[in-house]
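Novice: Chain A is already provided as a structure; the job is to place chain B on it using the hints.
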Amino acid sequence: MAQATSTKERPAAQPVRKPLGRGVAWPVAFYRSAVGKKWVMAVTGLMLLGFVLVHMIGNLKLYLSRQDINLYGEALRDLGGHLVPHTSLLWLLRGGIVVALVLHLHSAVTLTRLNSRARPDKYQAPRDYIAANFASRTMRYSGVLIAFYLLFHLADLTWGNANPDFVRGDPYNNLVYSFQRVPVAILYAVANVALGVHLLHGVWSVFQSLGINNPRFNRARRLLAQGVVAVIVVGNVSFPIAVQAGIVDLECPHTDPVAPCEAAAASAR
Amino acid sequence: MSEKMHMELKVWRQAGPGQPGRFVTYDAPGVSPDMSFLEMLDLVNERLVEDGEEPFAFDHDCREGICGSCGLMINGQAHGPERATATCQLHMRKFSDGDQVTVEPWRAAAFPVIKDLAVDRSTLDRIVEAGGYITVATGSAPDANLIPIPKPVADASMDAAACIGCGACVAACPNGAAQLFTSAKLQHLNLLPQGQAERWDRTISMVEEMESFFGSCTNHGECEEACPKSISIDFIALLNRDYVRAQLKQRRLAGQSFP
Numbered sequence: 001m002a003q004a005t006s007t008k009e010r011p012a013a014q015p016v017r018k019p020l021g022r023g024v025a026w027p028v029a030f031y032r033s034a035v036g037k038k039w040v041m042a043v044t045g046l047m048l049l050g051f052v053l054v055h056m057i058g059n060l061k062l063y064l065s066r067q068d069i070n071l072y073g074e075a076l077r078d079l080g081g082h083l084v085p086h087t088s089l090l091w092l093l094r095g096g097i098v099v100a101l102v103l104h105l106h107s108a109v110t111l112t113r114l115n116s117r118a119r120p121d122k123y124q125a126p127r128d129y130i131a132a133n134f135a136s137r138t139m140r141y142s143g144v145l146i147a148f149y150l151l152f153h154l155a156d157l158t159w160g161n162a163n164p165d166f167v168r169g170d171p172y173n174n175l176v177y178s179f180q181r182v183p184v185a186i187l188y189a190v191a192n193v194a195l196g197v198h199l200l201h202g203v204w205s206v207f208q209s210l211g212i213n214n215p216r217f218n219r220a221r222r223l224l225a226q227g228v229v230a231v232i233v234v235g236n237v238s239f240p241i242a243v244q245a246g247i248v249d250l251e252c253p254h255t256d257p258v259a260p261c262e263a264a265a266a267s268a269r
Numbered sequence: 001m002s003e004k005m006h007m008e009l010k011v012w013r014q015a016g017p018g019q020p021g022r023f024v025t026y027d028a029p030g031v032s033p034d035m036s037f038l039e040m041l042d043l044v045n046e047r048l049v050e051d052g053e054e055p056f057a058f059d060h061d062c063r064e065g066i067c068g069s070c071g072l073m074i075n076g077q078a079h080g081p082e083r084a085t086a087t088c089q090l091h092m093r094k095f096s097d098g099d100q101v102t103v104e105p106w107r108a109a110a111f112p113v114i115k116d117l118a119v120d121r122s123t124l125d126r127i128v129e130a131g132g133y134i135t136v137a138t139g140s141a142p143d144a145n146l147i148p149i150p151k152p153v154a155d156a157s158m159d160a161a162a163c164i165g166c167g168a169c170v171a172a173c174p175n176g177a178a179q180l181f182t183s184a185k186l187q188h189l190n191l192l193p194q195g196q197a198e199r200w201d202r203t204i205s206m207v208e209e210m211e212s213f214f215g216s217c218t219n220h221g222e223c224e225e226a227c228p229k230s231i232s233i234d235f236i237a238l239l240n241r242d243y244v245r246a247q248l249k250q251r252r253l254a255g256q257s258f259p
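Here the protein sequences line up with chains A and B, keeping their order. When the count follows the working numbering, it moves up by one through the first sequence with no breaks and lands on 269 for the last residue. When the count follows the working numbering, it moves up by one through the second sequence with no breaks and lands on 259 for the last residue.
The following block holds chain A by itself, in its conformation from the complex:
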């Protein structure tokens, strides 16, 4: 019988990355490693999640009155009151969010590139995934979608470039003007569903990447992710629906944003 195998050359696996390097400061060494990057991704993801949650809860003031949400916006600028310069604490928070976002994106891009080097040849036959779900398989796409949406969102409601009726300091009416445009309302809803899909895997993944693991609560981690996603998506998507349905409507535009509507209207007359 013929010998089944005869191999003249033995292949050798080539490293997919440069050595991590000894002797560098430990935070640098830590961030260079993929496990460290995942840790950073989890921590920054938690920071961004905290922002999204607070942002959504704050925006619920939309349902109280124009004065309520506009005063809330003003209070954010006035965080710390007279103890610190005006808007300084807000800028500190914004700085933290921007740093978290940059690190989150940087680790995502570098790890994605590492992973494609680690699996250069795809399976030629179709794969049959068992555990990987839609959310986990589309993290990079939902992430990119959210990033681009974020730019529009800032241009629309923070800087005002994408909102012709933008009035600085009147978030209530800015938001109503914006969401009265049907494409914007749809875009906002779609982006928030993408955010929900991203968080469905992300929130669970945080526990795993940070090594928060205990048989007592392991089963609850997926449930927590689903709960967080439900709260954020329902809360956020309700805003464009409320505007489109006319539940939230323009209130005395082009008057003092933080005065009660009747008084503001009267003084404008």
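Rather than coming from a laboratory, the hints here were simulated on the basis of the structure. Please note that a few of the clues may not be correct.
[As the list claims (entries may be wrong)] Derived DSSO-like pairs (lysine-lysine); straight-line CA-CA distance at most 30 Å:
| no. | chain 1 | residue 1 | chain 2 | residue 2 |
| --- | --- | --- | --- | --- |
| 1 | B | 10 | A | 18 |
| 2 | B | 94 | B | 10 |
| 3 | B | 10 | A | 122 |
| 4 | A | 122 | B | 229 |
| 5 | B | 94 | A | 122 |
| 6 | A | 122 | A | 18 |
These figures come from a predicted structure and were not determined experimentally.
Specialist: Quick look at chain B alone, frame taken from chain A:
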């Protein structure tokens, strides 16, 4: 149950490392449902030899699920459709008469194809070499059970030690990551008192060796499903935790190296 099945086999043929490969379809009549998957491959190979063709290469050794030599991507799943089962213990009764079965080698940068379905998995050995050991005092054997170990701890360590190093976790991972293998080889020692002396150096060394050749974990959980020993991704969480703690400890003080 002894009715023979007629299968169609699509096998990846590749002459050698770095060579182009392709699927070749083989007719496989007369397959007994009681055969293991490897016996079915033997059957097809024997016919190829009789016909004067070159049989396809695949790795196998113990054929009882403990050596970790066998491992094939069968219909898009590592080790085939049966959970917690290595290819050698997958029986043909899990398939139906007339099925087309696609067989592909593990694919990862760290697992270059040697030939056909056989891949080189020595990168896994390198991870173990980097820190998969403990230090013991030589001399007469110590009394058994001298060190009390809580039963759940011993159980968890044994669960990790069940790893046979087949590489299915890497093969199943969309990122070609070896986190499940490394975490099993790391935690079966890190969990036990005997593994504490080298714990933090072991963690850093093994993780760094792993990262030289493999991708990163994105917590899909495909590896756990593919694992013939059902090793839990909980061990990956423990690896992540130990790596952060090891980095914080950094016992490599100036001029010293922890053993």
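Novice: Now look at each hint and say whether the structure bears it out.
Specialist: Cross-check of the supplied hints:
The hinted pair formed by residue 10/B and residue 18/A fails the criterion: a straight-line CA distance of about 37 Å is larger than 30 Å. Restraint check for residue 94/B and residue 10/B: the C-alpha separation of about 17 Å stays at or below 30 Å, so the hint holds. Restraint check for residue 10/B and residue 122/A: the C-alpha separation of about 17 Å stays at or below 30 Å, so the hint holds. Proposed proximity of residue 122/A and residue 229/B is supported: the alpha carbons are some 25 Å apart, at most 30 Å.
Using a Cα cut-off of 30 Å, the hinted pair residue 94/B and residue 122/A holds, with the two alpha carbons roughly 26 Å apart. This hinted pair checks out: residue 122/A and residue 18/A have alpha carbons roughly 23 Å apart, not beyond 30 Å.
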